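Asks: Sequence:
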Amino acid sequence: MKICVTSQGGSLESGVDPRFGRCAFFIVVDTDTLEFEAIDNAQIQAAGGAGIQSGQLMAEKRVHAVLTGNVGPNAWQTLSAAGIEVVTGVSGTVLDAVGRYKEGLLKASDKPSVLSHAGLKGSK
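Residues in the sequence shown are numbered from 0 upward in steps of one, following numbering that gives the first Met the number 0.
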């Protein structure tokens, strides 16, 4: 199964990025083989719509789940509409997060974890 973990770097040893739409990288991981693709997030500096665009990218990548620190309402809606499980409150390294997910220790969120535009610098 393919899942995505938001990441501060381009490897499995990188820390989980607490933001979804404006994370530094998306790490798309095959949970069976641990083969992965690191994707630079082109939306990191977007003026708006970062969560929606990032959610659409995850749908295109056909991931089953997204593991992240936080997700806003627009991203959550986009991911949910695509049938993608959203897991928030994730921290540690990407590899640790994948392991906890595989063990069933991480559960899907039933709503966004932050308000709109929370990932923008200076937003509250």
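Be careful, since some hints might not be right.
[To be verified] Derived DEER-like restraints, expressed as beta-carbon distance ranges:
# : residue 1 : residue 2 : range
1 : Glu102    : Ala46     : 36 to 46 Å
2 : Lys101    : Ala46     : 35 to 45 Å
3 : Gly47     : Gly98     : 17 to 27 Å
4 : Lys60     : Glu102    : 35 to 45 Å
5 : Gly103    : Ala46     : 32 to 42 Å
6 : Thr32     : Lys110    : 29 to 39 Å
7 : Asp109    : Met0      : 32 to 42 Å
In case anyone wonders, no lab produced these hints; they're calculated from the structure. Computed from a predicted structure; not experimentally measured. The beta-carbon is built from N, C-alpha and C at its ideal position, and this holds for glycine as well.
Asks: For each hint, tell me whether it holds in the structure or not.
Replies: Results of checking the hints against the structure:
1. In this structure, Glu102 and Ala46 meet the distance hint of 36 to 46 Å, their C-beta atoms being roughly 39 Å apart.
2. At about 37 Å, the beta-carbon gap between Lys101 and Ala46 stays in the expected band of 35 to 45 Å.
3. The supplied range of 17 to 27 Å is broken by Gly47 and Gly98, whose beta-carbon atoms lie about 35 Å from each other.
4. Between Lys60 and Glu102 the beta carbon distance is about 23 Å. The supplied range of 35 to 45 Å is therefore violated.
5. A beta carbon spacing of about 39 Å between Gly103 and Ala46 agrees with the range 32 to 42 Å that was offered as a hint.
6. Our hint of 29 to 39 Å for Thr32 and Lys110 holds, since their Cβ atoms are close to 32 Å apart.
7. For the hinted restraint 32 to 42 Å between Asp109 and Met0, the CB-CB distance of approximately 21 Å leaves it violated.
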